[in-house]
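Listed below, chain by chain, are the residues.
Number of protein chains: 4
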Amino acid sequence: MSDEQIRQEPLLWTGDHYNEGIGRDDIFDKLREECGVFGVFNLPEASNLSYYGLHALQHRGEESAGICTVDTKNGNKFAYHRGMGLVKEVFNKDNLDILAGDRSIGHVRYSTAGESKLANAQPLIFRYRDGDLAVATNGNIVNAPEIRKELEMSGSIFQTSSDTEVIAHLIARSSKDFETAAKEALQRIVGGFAFLIMTNDKLLVASDPHGLRPLVMGRIGDGYVFSSESCAFETIGAVYERDVQPGELLILDADGMRETRYAEVERRATCAMEYIYFARPDSDINGINIHMARKRMGRQLASESFVDADIVTGVPDSSISAAIGYAEQTGIPYELGLIKNKYTGRTFIQPSQELREKGVKMKLSAVRKVVEGKRVVMIDDSIVRGTTSLRIVNLLREAGATEVHVRITSPPFKNPCYYGIDTPDRKELIASYRTVEEIRKQINADSLSFLSDQGFVDSVGGNDGAYNRGMCLACFDNDYPTPVNEESDKSCSC
Amino acid sequence: MSDEQIRQEPLLWTGDHYNEGIGRDDIFDKLREECGVFGVFNLPEASNLSYYGLHALQHRGEESAGICTVDTKNGNKFAYHRGMGLVKEVFNKDNLDILAGDRSIGHVRYSTAGESKLANAQPLIFRYRDGDLAVATNGNIVNAPEIRKELEMSGSIFQTSSDTEVIAHLIARSSKDFETAAKEALQRIVGGFAFLIMTNDKLLVASDPHGLRPLVMGRIGDGYVFSSESCAFETIGAVYERDVQPGELLILDADGMRETRYAEVERRATCAMEYIYFARPDSDINGINIHMARKRMGRQLASESFVDADIVTGVPDSSISAAIGYAEQTGIPYELGLIKNKYTGRTFIQPSQELREKGVKMKLSAVRKVVEGKRVVMIDDSIVRGTTSLRIVNLLREAGATEVHVRITSPPFKNPCYYGIDTPDRKELIASYRTVEEIRKQINADSLSFLSDQGFVDSVGGNDGAYNRGMCLACFDNDYPTPVNEESDKSCSC
Amino acid sequence: MSDEQIRQEPLLWTGDHYNEGIGRDDIFDKLREECGVFGVFNLPEASNLSYYGLHALQHRGEESAGICTVDTKNGNKFAYHRGMGLVKEVFNKDNLDILAGDRSIGHVRYSTAGESKLANAQPLIFRYRDGDLAVATNGNIVNAPEIRKELEMSGSIFQTSSDTEVIAHLIARSSKDFETAAKEALQRIVGGFAFLIMTNDKLLVASDPHGLRPLVMGRIGDGYVFSSESCAFETIGAVYERDVQPGELLILDADGMRETRYAEVERRATCAMEYIYFARPDSDINGINIHMARKRMGRQLASESFVDADIVTGVPDSSISAAIGYAEQTGIPYELGLIKNKYTGRTFIQPSQELREKGVKMKLSAVRKVVEGKRVVMIDDSIVRGTTSLRIVNLLREAGATEVHVRITSPPFKNPCYYGIDTPDRKELIASYRTVEEIRKQINADSLSFLSDQGFVDSVGGNDGAYNRGMCLACFDNDYPTPVNEESDKSCSC
Amino acid sequence: MSDEQIRQEPLLWTGDHYNEGIGRDDIFDKLREECGVFGVFNLPEASNLSYYGLHALQHRGEESAGICTVDTKNGNKFAYHRGMGLVKEVFNKDNLDILAGDRSIGHVRYSTAGESKLANAQPLIFRYRDGDLAVATNGNIVNAPEIRKELEMSGSIFQTSSDTEVIAHLIARSSKDFETAAKEALQRIVGGFAFLIMTNDKLLVASDPHGLRPLVMGRIGDGYVFSSESCAFETIGAVYERDVQPGELLILDADGMRETRYAEVERRATCAMEYIYFARPDSDINGINIHMARKRMGRQLASESFVDADIVTGVPDSSISAAIGYAEQTGIPYELGLIKNKYTGRTFIQPSQELREKGVKMKLSAVRKVVEGKRVVMIDDSIVRGTTSLRIVNLLREAGATEVHVRITSPPFKNPCYYGIDTPDRKELIASYRTVEEIRKQINADSLSFLSDQGFVDSVGGNDGAYNRGMCLACFDNDYPTPVNEESDKSCSC
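Residue numbers (my numbering), protein chains in the order written: chain A, 1 to 494; chain B, 1 to 494; chain C, 1 to 494; chain D, 1 to 494.
Be careful, since some hints might not be right.
The list makes no distinction among identical chains, and a pair is therefore deemed to hold if it is satisfied within one copy or across any two copies.
Calculated pairs, DSSO-like style, for lysine-lysine (alpha carbon to alpha carbon, straight line, at most 30 Å) [to be verified]:
id, residue 1, residue 2
1, 202, 358
2, 441, 427
3, 73, 149
4, 93, 342
5, 340, 414
6, 73, 358
7, 340, 363
8, 342, 363
9, 358, 441
10, 490, 414
11, 358, 93
12, 202, 149
13, 342, 427
14, 202, 93
15, 149, 176
16, 93, 414
17, 441, 374
18, 363, 374
To be clear, the hints were calculated from the coordinates, so they are not data collected in a lab.
Use the sequences and the hints to build the structure in full.
This is the structure:
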């Protein structure tokens with residue numbers, strides 16, 4: 001894949017911004033969300049709905065955005081627009097107007113490889129035997145490199161480095177009818193993914209056989225909307241209908257929607273990190289509200305590892321709910337001990353090394369008046385490499401905290417993800433090679449506790465009878481729902 | 001002529017954005033912050049420090065930004081750059097590099113008249129007898145129109161419609177030495193303001209005689225920084241020193257800083273709305289932390305007007321602290337019942353009337369899973385016209401709230417501000433012509449309570465012996481610290 | 001193909017500009033040049049040389065530009081950048097720096113279908129079995145639609161609507177070695193084209209079997225450069241070596257250049273319109289300088305159709321040389337009777353219909369002082385639909401010309417081009433359905449003459465023994481060098 | 001305050017471009033034009049007319065453009081927009097629509113100091129006692145520094161470094177009525193200038209007492225247009241009426257136009273370089289067409305200094321007319337021996353020193369096929385420092401010219417201009433310290449001749465009885481029409 005990193009992409013290249021953007025989070029070693037998809041079927045102004053829907057999914061991908069529409073009132077014509085930047089930057093009234101139609105698929109993404117300049121903005125658009133084909137995906141195809149190799153050997157040429165492209169080639173190569181071809185293509189691929197596939201005639205919606213990546217269905221009158229997260233439904237005035245099921249393939253065309261399957265559910269395995277970190281607190285996954293799940297994680301954490309302190313604070317934004325839960329459970333007041341500048345974004349200039357050493361902060365500050373002279377419980381969602389945690393603990397200490405007790409709302413993150421989350425190699429994951437006490441020392445905390453596996457599972461809740469309540473906990477317990485090996489491609493297909 | 005060659009002209013006008021931006025908040029009738037100023041003295045990379053400092057003050061003004069520098073290492077040359085947009089949009093590495101120097105004044109602003117296209121971006125830059133002159137201000141000069149008229153009659157010409165310009169003319173017109181001229185000019189003007197004035201040789205820092213607008217001083221080694229709010233100090237690694245006092249005039253030049261006065265303190269009157277709504281929660285004003293003051297307001301509100309309910313929620317972002325205080329006091333759990341999309345900004349396309357009617361939300365949504373079937377206490381900071389409150393109550397009801405009890409963390413807002421806050425005319429302020437019960441009906445709430453004047457004053461605290469603890473409460477109690485009348489110019493000078 | 005016209009491309013979309021640009025020439029019905037290609041082999045700073053080379057070819061395509069490089073000093077890595085706009089708009093120091101390498105291919109193009117928004121900017125970039133593949137072309141593949149259909153039926157998917165893409169697929173599909181595959185692919189396609197094909201290892205340069213489109217080779221020391229026109233060589237300091245021959249295939253790699261053929265020359269047929277209109281006057285094609293050929297056309301025209309007049313004027317820019325030739329031959333003084341505003345470009349706002357009726361001109365004006373009261377000979381290169389000629393004759397009459405005699409430096413343009421020039425359908429070509437006298441009336445001229453076929457051929461000169469001296473005259477005499485039919489695809493592949 | 005709300009701020013700063021643009025002509029030491037002005041009175045869509053008018057004057061200033069309008073249908077409101085870049089870059093449909101009104105003044109300018117980043121874009125806009133005031137000027141005020149000093153000493157503050165600003169201050173400072181104030185202000189200033197001054201009520205048009213800078217009046221129906229050059233009239237469909245006379249002051253308001261004088265004509269002195277180099281060939285100055293005057297210069301030069309040669313060529317664009325005149329007179333054929341790339345502009349990247357040494361040309365190339373083996377007469381308009389001439393002679397020699405005979409269509413340029421043309425100091429003007437023979441050697445020519453003073457004067461023609469036919473020849477004969485001294489400010493006021 002390294003050959004491609006130097007490829008320069010041209011798509012709506014917002015030159016300086018793009019360059020400055022690289023590494024904007026590099027001093028914080030957070031996991032990075034992989035992508036968000038949004039689909040519309042049988043609704044006027046589909047592109048406008050997608051604009052607001054994708055805007056609600058913006059936290060799942062800030063690097064690029066794209067919308068592709070089909071206009072059934074006008075010969076089922078395709079139109080699309082993609083660009084680098086936020087939804088509000090990529091789209092304007094002019095280009096949304098051009099995107100006429102009543103069906104659409106849209107996408108927001110991160111460039112998973114931070115050092116890559118390649119803009120594989122989605123939806124990917126192809127022209128094949130039967131007309132136009134667009135694909136938007138969230139997740140990763142574990143066996144994409146093998147399939148790609150095989151396709152290339154038989155003469156296929158690729159326009160992107162995105163693994164998503166293999167699904168289009170598999171469909172185009174098949175001599176069977178489109179639905180069969182799509183079904184067989186889905187059966188060939190292994191991984192965790194949510195797919196929206198659109199042709200001039202049909203919209204296909206599919207979730208991987210374990211339901212690793214979230215995908216929900218909503219209704220507006222006679223029309224359907226599909227979204228990575230339900231938070232988009234409230235934004236656009238849609239009514240939540242149900243989660244798309246593992247192995248399900250929905251086919252929507254002039255005859256309406258048919259609910260089919262391309263795979264049996266083997267073992268349901270929704271990504272645990274969606275509950276812990278990625279999803280917006282106002283989203284529900286499998287019927288469970290994220291904010292409330294996080295509050296329960298905070299309460300559970302308080303039960304498992306109480307510590308006497310003066311204040312509880314959460315690392316914004318993802319850990320606020322859990323911190324409030326912790327505070328409610330313990331009676332220790334929740335305070336705003338850390339604050340994040342909401343204006344920091346892609347184009348923000350990072351402080352020079354010199355200024356950073358002098359104390360210039362980019363994005364997160366401790367609130368001196370709040371933490372000075374206080375014993376602080378600091379709630380965070382996870383520890384990846386440990387550098388961010390150390391940094392935040394030190395921010396609190398520099399602002400006068402007398403003790404800093406770190407409480408993590410998930411079990412130790414030990415194993416890389418192969419299903420669409422951008423994680424470092426195993427050897428960089430601090431929990432894979434350090435004990436909790438060693439980590440505590442390294443992040444300079446007075447005490448450190450992680451949530452237990454069982455405590456986490458219970459906090460999320462849900463009525464799945466399995467021990468893990470239908471979640472993938474591979475990053476904690478190394479039990480991957482599909483075959484993977486250390487050499488498998490981890491980079492997100494989207 | 002060579003002195004001027006480094007002057008940077010305006011202005012990075014991001015045209016389309018600006019137009020689209022108008023009215024981005026029009027469905028929410030919030031008060032609008034007036035401006036923020038930031039000054040640096042005797043510190044290398046002054047423009048970079050200003051960049052991070054202004055970034056921390058961004059909430060005080062999102063429409064334009066500007067920085068002017070003096071380079072004492074290079075003939076005390078002036079350089080400046082201003083532009084429309086956020087700090088991160090206006091400045092880039094290239095223009096910051098050009099802004100060489102160890103002194104600077106910077107500014108962020110709102111265009112107070114939403115319909116105005118006029119870009120009075122500050123700092124304003126002038127060339128007068130003694131060289132270059134730059135002015136950045138936060139606040140309003142009540143008697144600017146009269147002074148301006150008088151200056152124009154004697155032949156002055158103005159480059160902007162900004163009232164701030166009068167201070168420069170008053171100084172230029174004086175036949176006295178610069179410091180005397182500045183002092184006399186400050187004595188001529190009436191209002192609420194924080195001024196940073198810079199010439200090739202000197203930096204002047206002044207606060208109005210009542211200290212209406214906040215202004216704090218910090219230190220980095222031998223250098224000084226000045227800021228509308230202390231939150232910027234934590235960001236840039238500065239140590240808070242003290243608040244600039246009412247009527248104070250600080251003069252900084254090659255001889256260091258001299259602390260002088262141009263007016264006696266008559267009555268201290270810090271703007272109450274800074275505590276309630278404008279200032280960032282991690283700022284301290286007069287030594288009082290904003291987050292903690294807001295939590296106390298929430299607690300006080302709970303004491304004054306308890307209501308039995310299932311959850312407490314705050315209108316983001318300003319009312320979160322108070323909502324947590326209310327929850328802590330009452331034991332009713334704080335929940336995330338309302339969520340704001342943090343990506344919505346100036347360039348965001350508002351939904352068409354049609355889409356809005358269909359339920360498309362621009363920025364704020366209720367979280368169905370959290371509020372459905374619940375009796376909700378909704379904490380907000382103020383009610384201006386009442387339209388926003390109605391809208392939010394309805395969002396909660398549509399999401400299934402069975403009862404909505406509105407609690408406001410300030411007394412009723414009845415009187416317009418003449419000191420730099422963009423308020424509607426008195427006749428549009430709902431509290432000026434409606435009883436609390438009438439307002440309750442109009443905003444469709446099950447119950448409504450405002451914080452009492454005394455409760456508010458006590459919540460803020462502080463050790464000022466006055467009944468109002470040194471705050472201006474004119475918007476609540478009509479007791480203005482300076483002469484004003486209904487015809488006085490309300491539009492902010494900055 | 002119409003399905004695709006609504007497809008929206010995203011490449012460096014300079015939104016407003018692009019829209020305004022459409023139809024910028026719509027009131028002038030000139031033929032539109034199709035594209036220009038530029039290649040560099042074994043020279044440091046290949047991308048910079050391409051920048052200046054493409055700049056010299058800018059007249060061949062103003063809509064988009066692109067450069068792809070291979071860096072043999074760094075693992076033969078690919079890098080590329082493409083964008084909408086002029087060369088100077090698409091490239092800057094930053095992106096040229098990123099385009100490291102000693103080999104490159106570059107491209108400038110028109111969007112041939114004026115109404116199309118599709119940005120098939122070249123070089124096209126693919127990833128296939130053996131690595132990266134880039135293609136830049138000038139011309140048209142007459143049988144591309146059939147080949148494309150065939151490829152799609154066997155499962156190929158296309159990323160663009162450009163016919164150029166078929167060459168990449170033909171190569172990728174072949175099981176033979178790359179050179180054989182490329183040779184066989186070239187043998188499959190029919191049309192007029194100049195190809196630059198680059199892989200990580202090799203650069204291929206090919207001209208169609210009739211040499212319809214110009215392509216020249218030059219040297220700088222040990223390196224090679226290839227260009228659509230020789231004018232680029234003077235610009236970059238290269239020495240002209242020779243024209244690439246019809247049916248020739250040059251292969252350049254680590255072993256240097258091998259000169260091979262993939263087709264025998266059947267009949268040489270260089271595009272006549274290159275001499276008449278497209279090529280820059282300082283270029284030489286087949287050893288013949290364009291300016292001098294045009295002067296000879298003017299002289300020949302004077303011999304064939306002298307008319308007594310006061311001044312000779314040429315329609316800028318293409319007809320100036322011929323007008324001077326005409327003036328020299330007749331002794332009638334050449335004057336600047338028409339002037340073109342050189343600043344008019346893509347982003348220029350066309351006058352409204354109302355302003356146009358009031359006399360506002362966009363681009364071309366008559367010079368009243370020069371033409372008033374004069375009998376004018378107006379030299380132009382061709383008449384396509386006739387609307388432009390009518391317009392210019394009227395400009396001269398409105399400026400006071402008493403007589404306007406139109407002299408055209410080419411035979412009547414009667415037949416559409418299938419080899420890369422954007423021509424209307426036959427039924428829109430005025431000369432295909434009108435006599436010379438009818439055209440004269442329609443364009444409101446006092447007299448009208450075209451250059452004879454033989455006169456044109458003699459003017460160009462050259463030592464090819466054929467009656468047409470090795471030119472394609474199909475647009476005049478309907479004698480196409482390859483099989484074509486009225487349904488063949490005329491739209492340029494590049 | 002509402003009057004001002006429509007004012008548009010500056011604007012559309014094409015930052016990077018501006019920086020790259022600096023020095024784009026630095027290898028060619030041509031004189032630089034100073035500015036162009038365009039005014040409209042009593043015509044609907046005044047801003048659109050200005051757009052096309054300024055576009056026609058673009059050659060007089062490529063760095064910035066601005067338009068200010070007054071709408072007499074809407075309370076005589078002011079609106080303006082200015083920006084860096086070409087007219088087509090600064091203005092778009094949106095901002096032209098905002099510039100409503102039936103009166104306007106517009107401006108295009110060079111930044112005369114190439115190293116200056118200061119954007120004194122005009123029209124300058126002021127607000128003074130009686131309302132709004134806008135000023136656009138072409139030329140230079142010799143005594144501006146003294147007046148400015150005096151104004152600053154009495155308390156005026158300046159917003160720009162432009163000398164033009166003094167006229168506004170002089171008017172604002174006067175206690176007399178506006179017309180008297182303007183007249184007295186014009187009487188105070190010394191120099192060469194064309195002024196357009198607009199208030200809410202009036203439009204003033206003035207030329208300096210010697211008519212140094214050109215300014216013409218035209219009509220469209222009941223409306224008036226004013227322009228630096230008449231070429232703009234043909235573009236917008238206006239009829240030329242007359243040249244504005246030296247010392248004339250036209251006052252246009254609701255009562256129509258009054259023709260007054262503020263100064264007697266002492267000695268008419270139109271800038272000779274307008275005829276020779278600056279004006280567009282399709283313009284007429286004092287009734288003399290520029291193209292025809294230049295042809296006569298070429299013919300006269302042929303009479304004065306014939307040389308036997310094979311071809312005549314002109315340095316594009318300004319010397320083409322003269323070269324054709326020379327060719328007609330001598331019978332030596334005119335050929336395209338030098339060609340300029342018309343796409344080179346502000347944003348063009350100059351070749352690195354290394355590439356330049358290798359022969360990469362930026363803008364101008366010799367046409368090898370045309371000049372090879374030929375004795376060439378090269379016609380140019382002037383020699384400033386001599387470096388450009390040397391460069392062009394060498395281009396021709398490198399392309400194979402056997403002899404290069406340089407013929408200059410003006411007398412030797414020996415003395416700096418104080419009236420708005422950007423000239424180097426006297427000591428850098430080659431003709432001020434070298435004999436013709438020395439210059440010949442320095443520019444490597446086989447022969448060199450300048451046009452004689454009398455020959456030049458006769459070529460221009462005109463019916464003024466004076467020896468110089470009413471031209472300023474100071475740059476040739478050191479006879480300045482106003483007092484100046486070596487220390488006078490040469491930098492253009494506009």
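Status of the hints after comparison with the structure:
Proximity of residue 202 to residue 358 under the C-alpha cut-off of 30 Å is restricted to the inter-copy arrangement: shortest distance 26 Å between copies versus 58 Å within a copy. In this assembly of identical chains, residue 441 and residue 427 lie within 30 Å of each other by CA distance solely inside one copy; the values are 19 Å within and 62 Å between copies. In this homomeric assembly, residue 73 and residue 149 come within 30 Å of each other (Cα to Cα) only across copies, at 26 Å, whereas the closest approach inside a single copy is 40 Å. Both within a single protomer and between protomers do residue 93 and residue 342 lie at most 30 Å apart by alpha-carbon distance, with minima of 25 Å and 21 Å respectively.
In this assembly of identical chains, residue 340 and residue 414 lie within 30 Å of each other by CA distance solely inside one copy; the values are 27 Å within and 33 Å between copies. With identical chains, the CA atoms of residue 73 and residue 358 are at most 30 Å apart between copies only, with a shortest distance of 21 Å across copies and 61 Å within one. Taking identical chains as interchangeable, the C-alpha atoms of residue 340 and residue 363 lie at most 30 Å apart whether they share a chain (5 Å) or sit on different chains (19 Å). Both within a single protomer and between protomers do residue 342 and residue 363 lie at most 30 Å apart by alpha-carbon distance, with minima of 8 Å and 14 Å respectively.
Proximity of residue 358 to residue 441 under the C-alpha cut-off of 30 Å is restricted to the intra-copy arrangement: shortest distance 24 Å within a copy versus 54 Å between copies. Only within a single protomer do residue 490 and residue 414 lie at most 30 Å apart by alpha-carbon distance; the minimum there is 15 Å, versus 59 Å between protomers. Taking CA atoms no more than 30 Å apart as the test, residue 358 paired with residue 93 passes between copies only; the shortest distance there is 19 Å, against 44 Å inside one copy. In this homomeric assembly, residue 202 and residue 149 come within 30 Å of each other (Cα to Cα) both inside a single copy, at 28 Å, and across copies, at 22 Å.
In the homo-oligomer, the alpha carbons of residue 342 and residue 427 never lie at most 30 Å apart, since the shortest distance is 32 Å inside one protomer and 34 Å across protomers. Proximity of residue 202 to residue 93 under the C-alpha cut-off of 30 Å is restricted to the intra-copy arrangement: shortest distance 26 Å within a copy versus 40 Å between copies. In this assembly of identical chains, residue 149 and residue 176 lie within 30 Å of each other by CA distance both inside one copy and across copies; the values are 22 Å within and 17 Å between. Taking the closest pair of Cα atoms, residue 93 and residue 414 never come within 30 Å of each other, the shortest separation being 46 Å inside a single copy and 39 Å across copies.
Taking the closest pair of Cα atoms, residue 441 and residue 374 come within 30 Å of each other only inside a single copy of the chain (20 Å); across copies the shortest separation is 44 Å, beyond that limit. Taking CA atoms no more than 30 Å apart as the test, residue 363 paired with residue 374 passes inside one copy only; the shortest distance there is 23 Å, against 36 Å between copies.
Figure legend: structure checked against the earlier numbered hints; hints not met, in rising order: 13 and 16.
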